[in-house]
Structure formats: structure tokens, C-alpha cells
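Protein chains: 2
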Amino acid sequence: MSSLRSWFSIPRGSHFSLANIPFGIISTTDSQKPRVAVAVGDHALDLEAFAASNGFSKLSSIQAHQAVFSEPTLNAFAALGRPVRATVRTYIQTVFAEDTTFPDVLKLNSEAQKSSLIPLKDVKTHLPFKIGDYTDFYAGLNHAYNVGVMFRGPENALQPNYKHLPVGYHGRASSVVVSGTPIRRPNGQILENPAADPKIPVFSACRKLDMELELGAFVTKANKMGEPIPIDEAQDSLFGVVLMNDWSARDIQAWEYVPLGPFNAKNFGTTISPWVVTMDALAPFLGKGLENDAEVLPYLKEKNPNSIPDIQLQVDLTTDSGTTTTITKTTSRNLLFSFPQMLAHHSITGCPMKVGDLLGSGTISGKEVNSRGSLLEQNENGKKDIGLAGMEVRTFLRDGDEVTIHGVCGTDQDGLVGFGECRGTIEAAIRIAK
Amino acid sequence: MSSLRSWFSIPRGSHFSLANIPFGIISTTDSQKPRVAVAVGDHALDLEAFAASNGFSKLSSIQAHQAVFSEPTLNAFAALGRPVRATVRTYIQTVFAEDTTFPDVLKLNSEAQKSSLIPLKDVKTHLPFKIGDYTDFYAGLNHAYNVGVMFRGPENALQPNYKHLPVGYHGRASSVVVSGTPIRRPNGQILENPAADPKIPVFSACRKLDMELELGAFVTKANKMGEPIPIDEAQDSLFGVVLMNDWSARDIQAWEYVPLGPFNAKNFGTTISPWVVTMDALAPFLGKGLENDAEVLPYLKEKNPNSIPDIQLQVDLTTDSGTTTTITKTTSRNLLFSFPQMLAHHSITGCPMKVGDLLGSGTISGKEVNSRGSLLEQNENGKKDIGLAGMEVRTFLRDGDEVTIHGVCGTDQDGLVGFGECRGTIEAAIRIAK
Numbered sequence: 001m002s003s004l005r006s007w008f009s010i011p012r013g014s015h016f017s018l019a020n021i022p023f024g025i026i027s028t029t030d031s032q033k034p035r036v037a038v039a040v041g042d043h044a045l046d047l048e049a050f051a052a053s054n055g056f057s058k059l060s061s062i063q064a065h066q067a068v069f070s071e072p073t074l075n076a077f078a079a080l081g082r083p084v085r086a087t088v089r090t091y092i093q094t095v096f097a098e099d100t101t102f103p104d105v106l107k108l109n110s111e112a113q114k115s116s117l118i119p120l121k122d123v124k125t126h127l128p129f130k131i132g133d134y135t136d137f138y139a140g141l142n143h144a145y146n147v148g149v150m151f152r153g154p155e156n157a158l159q160p161n162y163k164h165l166p167v168g169y170h171g172r173a174s175s176v177v178v179s180g181t182p183i184r185r186p187n188g189q190i191l192e193n194p195a196a197d198p199k200i201p202v203f204s205a206c207r208k209l210d211m212e213l214e215l216g217a218f219v220t221k222a223n224k225m226g227e228p229i230p231i232d233e234a235q236d237s238l239f240g241v242v243l244m245n246d247w248s249a250r251d252i253q254a255w256e257y258v259p260l261g262p263f264n265a266k267n268f269g270t271t272i273s274p275w276v277v278t279m280d281a282l283a284p285f286l287g288k289g290l291e292n293d294a295e296v297l298p299y300l301k302e303k304n305p306n307s308i309p310d311i312q313l314q315v316d317l318t319t320d321s322g323t324t325t326t327i328t329k330t331t332s333r334n335l336l337f338s339f340p341q342m343l344a345h346h347s348i349t350g351c352p353m354k355v356g357d358l359l360g361s362g363t364i365s366g367k368e369v370n371s372r373g374s375l376l377e378q379n380e381n382g383k384k385d386i387g388l389a390g391m392e393v394r395t396f397l398r399d400g401d402e403v404t405i406h407g408v409c410g411t412d413q414d415g416l417v418g419f420g421e422c423r424g425t426i427e428a429a430i431r432i433a434k
Numbered sequence: 001m002s003s004l005r006s007w008f009s010i011p012r013g014s015h016f017s018l019a020n021i022p023f024g025i026i027s028t029t030d031s032q033k034p035r036v037a038v039a040v041g042d043h044a045l046d047l048e049a050f051a052a053s054n055g056f057s058k059l060s061s062i063q064a065h066q067a068v069f070s071e072p073t074l075n076a077f078a079a080l081g082r083p084v085r086a087t088v089r090t091y092i093q094t095v096f097a098e099d100t101t102f103p104d105v106l107k108l109n110s111e112a113q114k115s116s117l118i119p120l121k122d123v124k125t126h127l128p129f130k131i132g133d134y135t136d137f138y139a140g141l142n143h144a145y146n147v148g149v150m151f152r153g154p155e156n157a158l159q160p161n162y163k164h165l166p167v168g169y170h171g172r173a174s175s176v177v178v179s180g181t182p183i184r185r186p187n188g189q190i191l192e193n194p195a196a197d198p199k200i201p202v203f204s205a206c207r208k209l210d211m212e213l214e215l216g217a218f219v220t221k222a223n224k225m226g227e228p229i230p231i232d233e234a235q236d237s238l239f240g241v242v243l244m245n246d247w248s249a250r251d252i253q254a255w256e257y258v259p260l261g262p263f264n265a266k267n268f269g270t271t272i273s274p275w276v277v278t279m280d281a282l283a284p285f286l287g288k289g290l291e292n293d294a295e296v297l298p299y300l301k302e303k304n305p306n307s308i309p310d311i312q313l314q315v316d317l318t319t320d321s322g323t324t325t326t327i328t329k330t331t332s333r334n335l336l337f338s339f340p341q342m343l344a345h346h347s348i349t350g351c352p353m354k355v356g357d358l359l360g361s362g363t364i365s366g367k368e369v370n371s372r373g374s375l376l377e378q379n380e381n382g383k384k385d386i387g388l389a390g391m392e393v394r395t396f397l398r399d400g401d402e403v404t405i406h407g408v409c410g411t412d413q414d415g416l417v418g419f420g421e422c423r424g425t426i427e428a429a430i431r432i433a434k
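Protein chains in written order, with my numbering: chain A, 1 to 434; chain B, 1 to 434.
The set of hints was computed from the structure by calculation and includes no laboratory data.
Heads up, some of the hints might be wrong.
Which copy is meant is left open, so a pair is good if it fits within one copy or across any two.
Said to hold, decoys possible - Listed next, the in silico DSBU-like pairs over lysine-lysine satisfying Cα-Cα at most 30 Å (straight line):
| hint | residue 1 | residue 2 |
| --- | --- | --- |
| 1 | Lys-199 | Lys-288 |
| 2 | Lys-224 | Lys-354 |
| 3 | Lys-33 | Lys-224 |
| 4 | Lys-354 | Lys-124 |
| 5 | Lys-301 | Lys-199 |
Here the structure is a predicted model, which is why all the values come from computation and not from measurement.
Isolated chain A, as found in the complex (with noise of 0.2 Å):
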């Protein structure tokens, strides 16, 4: 891949490569209309306004379909299937390149690179897709067996089921947002003394907010209703790959979660990073994930089990005295399951998945503390502080405390392939009249 250079200045340690290309949308000060865009280096490339500059002249076969670089989601885009976003990507890789072929659309065209290509901190970017569902799994081992251990202890921290399915459940579409979107923190029911008897909840604002470190991917192809999607077609119905922070009122879920799940707890804000990396962005750096003990079922299996992305990921906490501390390293190499194995086993009763459609991968934690993707966990359910920098603690997060989750694949030399960041600041509850 070192051969990817550009003639254009991207500068050493940018997620966005030409490795990268990855897609989002976007508006301007000048043009508030969201629309489609590539993230190259430090700038965004207006793909509506490249069409415009008849960028896409030397790529007859999206020329029919530039219409969708105008919608304000990448729904349509992602709809034209994979091999045309790979057409795009690829073709856009060799605009950039050092020795384009094709000099004359953006390398030599000043009018086109002055109405295409803006800074990124003149943009604005919006959730890159309309979501229909969204679905949020649980297949970080680790995450699932440290929270098991703390709840049930260590001889039942898994249930039965964990090692044959993604478990998952079905999460609220509504509440997810682009990063950089203030998070407010939930009022609710909450046990001031779990261990009273009766049990009488108290109103108030939750006492226990917490991030969770995941990835979430986007499907790109509607199922018939009643038939399945096959593991070996999951891959190419996704688009790609985001950073998640799904922020999580752990006292709200655990008065409320039995017998039917998570509900009020995840339903106030789930943040995603803007721009998507592309499947085939990815590719390079597959492999396998956390080793299954348990045989799957064959609707599981997939021939090619490297499907899982290498992300080397980051969390830091920065609070309101403006220190920031790093909580959390660790890579997505930690999952049990990988999305495709997610996208199979939601379909497999036929249930309809739609373009947009966003999956959760669950927290995802290594095995150290501070590798750990939760709160919760690195604080044992509130019962050691976390030492952040400037002699600060935390249990849980405080208001004014902002969370950013980094993530990037590669090496500066070869191009990273990065995600940006996915980026939240609690802002203190609502007071509700009693």
C-alpha cells in the first residue's frame, strides 16, 4: 500500500489515508444542505460538488447514479451495492494519486479542487445513514464474562447460550447520534438500597452513567421478509465500520432489565463516529477474533474466519478542568463473533433487515483493567475509583466529563486507515418537577 501516495498534502498520522476513503455526510456554512462527502487527510471531498465539476467523468458507470451524492444520508449510495462503492473508492484513490491517470479532474483543476475540497474543521457532519433499526450485540468476550463474573460470579459470569450466538438484543434507532452531539444525562427509576425488601424505587438522576466501547456496522441490503441472509453474502451487505460509544445508566438497568433487557438504560444516546470506513478499507487488516471452544452451528460458519478487524482502540476521559486521561487501550480483535456471524443470525428467522440498519458489536474489553471497555468494569461496579491525570478520580462519569473513542488500523507508512472520533460530553440532567 506505500505506494498510495498523493499529490495532494496528507499530513503524517492522518486517519485518512488514501488507504481510507471513508464516507460521510456533511454540510458547510455556505451550503447547510447535508450531502455526501470522502474524508482525504484534513479535508472532506464534496462528492455532489466533484459530480458537479464533472469529477466523476472518467467513471461512466456511476454517472447514471450521481444523484445520489445529493441525498443527505449515504442510504442510496449504499443501495447501489458493493461493487459500486468499491468502483467509487477505487476511482477516487487514483484521483488522488501522485501519478493520476486522471490529472485534469482534481490533481490540475483548481476550479474543481476550490468547489470540492473543504477543511474539516469547516464541516459540519451528520449521521451518515437513516436508520431503520438498530441492533446492539454483545459479542465482546471479555465484557460479557467481567460483568458475568461480577453479577453472577465467576462459575456463571457466561450463560449457556454466549458461545453459540451473538446474543443481542434490539436497540433504539431514535437515539443515535453523530459524534460531537451533547449527551444528557437520564433521569429514571433507580434502588437506593438493592437489598431492601420490598424493593421501592426512588426518581432521580442517574448516579451510575457509563460509556461503552464498541463498533457498529451498517447493512447495505434488504432481505425479503421470511428468507435469510446467508453467512456468505453478510459480508457484502455491509458498508462498513464506525466507532460506538453506547452510553449506558447502569442503576436505571439494573432495577429495570429482568425479564425483558436493557430498555431505558441505553434508549437516552448512543454516539457514532461520522465518518464510515469501508469494508473494503478493512480488508487488509481481517483476521480472526477471540477463539470459539463452542462449535457453531453451520448457518454461523463462515469459510474465511479472518473477519474480524484488527482497530487498535482508544478511550479518553477529559474533564471539565480540561485534563484528559487515556482509559482504555485495547483492539477489536476481542469479539467472539463478527458482524457478518451478527448479520446471518438476525436474519436466519427471516426477519427483514434494511438499508441503514446499524448493528452494535457490544463493549469490547481486553482482559487487563485498562483495557477495558466500560466503567463498570474497570471500577467494579463503582467500587474503586479510577485515577485519572491531575490526581483526579472517577467512578462514573460526572457532567462536563467528555468520552472519545479513537480508533485506527495500519501504519503511518503503508496510510492509516482511521476512523476519527466518536465524541460525547455529559450535560447535566433534567429537573423534573416532583
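Starting from the known structure of chain A, fit chain B onto it as the hints suggest.
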């Protein structure tokens, strides 16, 4: 209400008396574009055609908004707010009244009658709303108790949270279908011997396919993320109610549901009736539900606790031999929480609700066996046969079985406020190569 006599022939026993005027989406062989209609007797009044024939000429307030009747869903009409839909409903009642003050609109206007009145047998009904998110609650106390006894014994049948909050979980919006859509038996993982150790699942078509008698309510007002919908505003944030059958795969559910709740067991199909009965039409039938001996927190306290409709519900099972048996008769008063309480609870965290969101009540059961709203409760998880007409028996549903839910309020004399039917037939599972 006996004054609501019509010049138009409304058959005795019709669910769609002038006291009702439910809204839905129809298309016809001649005009396949889905559009808004109301049901009156055994006809649909096509509101797009009615508007085109100047049907709303005497209702100036709606004229700027008539385009909503050409939409393929009720979302745009619903977003206009409760006063607008109340006005439209009342106006249509006036137009159909025997002594209508506007006889030239329809009564004496054979052209308008011809263009806008279509026999129900000639219309195809569609999903009434574009559903953003679908949430299923569990507010049928008797159902929760019956199921709890089966799995945890009578002492622990209800979880400690049950009477303090409407327990609910996020469902799968894409799998909600309109009455008449076939339901394919799902495949999935089940345990053939739940007592075995270790537990090893097999791949199988569902062997415990069940129905669930529920009501659904549509949300018509979006709240800003972070800002709850107060209970006193919740009633006005609901459009109306439909019948709902939340098909369930009990064997898949039993294996998969720990610890995050039902997933594949519930995502292969949920059927709703096509005509949405408005909150205004239901108003005369609202009363108290089941008594709650827990003191709910203030955010769930209704000023007027008469908030649960008295809908006489009936479930019929028709086998492929053609015999029909009424297997359940009950009333919707068997709910512990109302839809306004569900909406207030759902949004108390600031969860953003959207126009078109669907809330399910949870399974509605009475106390007697033949008033229970699921087969699971009637057959005690497969232990007992349910007797049908013609010497047939069932435990769970067989391929070819058709389940039809009916629901109706009021009396024929005053004009029935009914829901029509919510119907689905089971198709054989798809074969998956092993």
C-alpha cells in the same frame, strides 16, 4: 351517540359506525398508489379523492394541508396534531350525518360518491404509519403473572420492578406488517433437552410458535432529545390504537433471552390491524385498568386515571381444515399501565420519540384459561392440549393455521367503535441447507 345516524347505509354490526371513523392507508387495482382513507360501514372514503372533489370545501382549516391525504402513510397527517385530526373526524361525521348541514359535499353529490367511496372488499390496506421505532411493553399483568408462575413459581412470578414501571423492550420495527401478510415460521437455535448439561442447541424450525394478543398505539408528536414527554401531554401525543399480534417463537426465546431479553424470538413478524381507531373515538370507552397496589412515582401519575379503553377482544384460530374456534375472549382493561404511562416512562430519560413510533401493550390476558392471550398460557408451555372445533387440538401453531384478532367497543345501537381484524396465516419454515 345514537344521534349519529347516516344517510349512507352502514350495515348493522359494522365496526366502522359514524362513532368511529378510523384512519388507514389504502390502494386499489385502479390506483395503486397508497393514500389516506377512513372506514365508514363497509366502505372506505378515499380522502385523496374526497379532497380532489372539494370534499373539504366546508372545512377551511384543513385546506392548506390537503396534500397529507395523498401521502402513503399517516405520518404527515398525524404530525398536524390532535386538534386537526379531531376536526377532520368530526367533519366527516357531519358529512355522513342523516341531517348533514353540507348535503352537497357527498350526500347529494353522486360524482363525489363515485370517486371517493370504495367498497372495503375492493381496497388493499397497507401499514398505516412509517414506523420509526417499535417498543413492546409488558403491561398485561395477568399474562406477566401467568408466564412468571410457569418459569419462576407463584412466589416470584412478578419481578420486583413490575408494578413500579411499565416494563418494556425495544422491538424490531421492520418486521411489523399489516393484517393479511403471511407469517413464515422462523428457523433458529433451540434446545431439544433443556435439562441436559452442557446445553447444546440444534438448528430447527420453531416448534413452539405462538401468538400474542396485544394492542398497539401510534405516537404522533416528536420530543426533543433530552426532554421527556410529561404524562399530562402523553394522551395528546398518541394518534390511536390498533390490534396487534406479536408472534413469538417460544423455544427460540427460552434459549436466547438471557441476559438481554427476547430477540430472534420476536423479530420475524408482528401483525397489526390496518385501521387506526383514534383516541377521540376511544374516549367514551376509557376507564380504569387493573388496580395497581404499588404507589407509582409522580412522573407516571395520571390526572385522570380513566385512561385504558374497554375493548372486547377475541382471538379466533382457523385450521387448514377450515374450522374456526374462538380460543380467547377478554377485555383490554386487563392492563396495569396505560399508553400515556408507557409514553411518559419511555421518554423520561429524554429518549427522542418520533411521529409513527409504535408502542405495544404487552399480551392481554384475563384470569380464566379461555381469556388468556397466548397459547403458552393456555397450554402451560406445551403441557396441555387446547381443544378446537371438529375434534382438533393444538398446543402451539401449525403451518396453515390462521389467527384472527377482533376488537370492538360499544354497542350496535350507539354505533360500534371497532378495529376490524388483525389476521395472519403461518407458512412453512424455509429450508436451510445444513
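We went through each hint and held it up to the structure:
no., hint, result
1, Lys-199 <-> Lys-288, "between (45 Å within a copy, 25 Å between copies)"
2, Lys-224 <-> Lys-354, "both (9 Å within a copy, 26 Å between copies)"
3, Lys-33 <-> Lys-224, "between (33 Å within a copy, 21 Å between copies)"
4, Lys-354 <-> Lys-124, "both (26 Å within a copy, 24 Å between copies)"
5, Lys-301 <-> Lys-199, "between (45 Å within a copy, 19 Å between copies)"
Hint violations for this structure: none, all hints satisfied.
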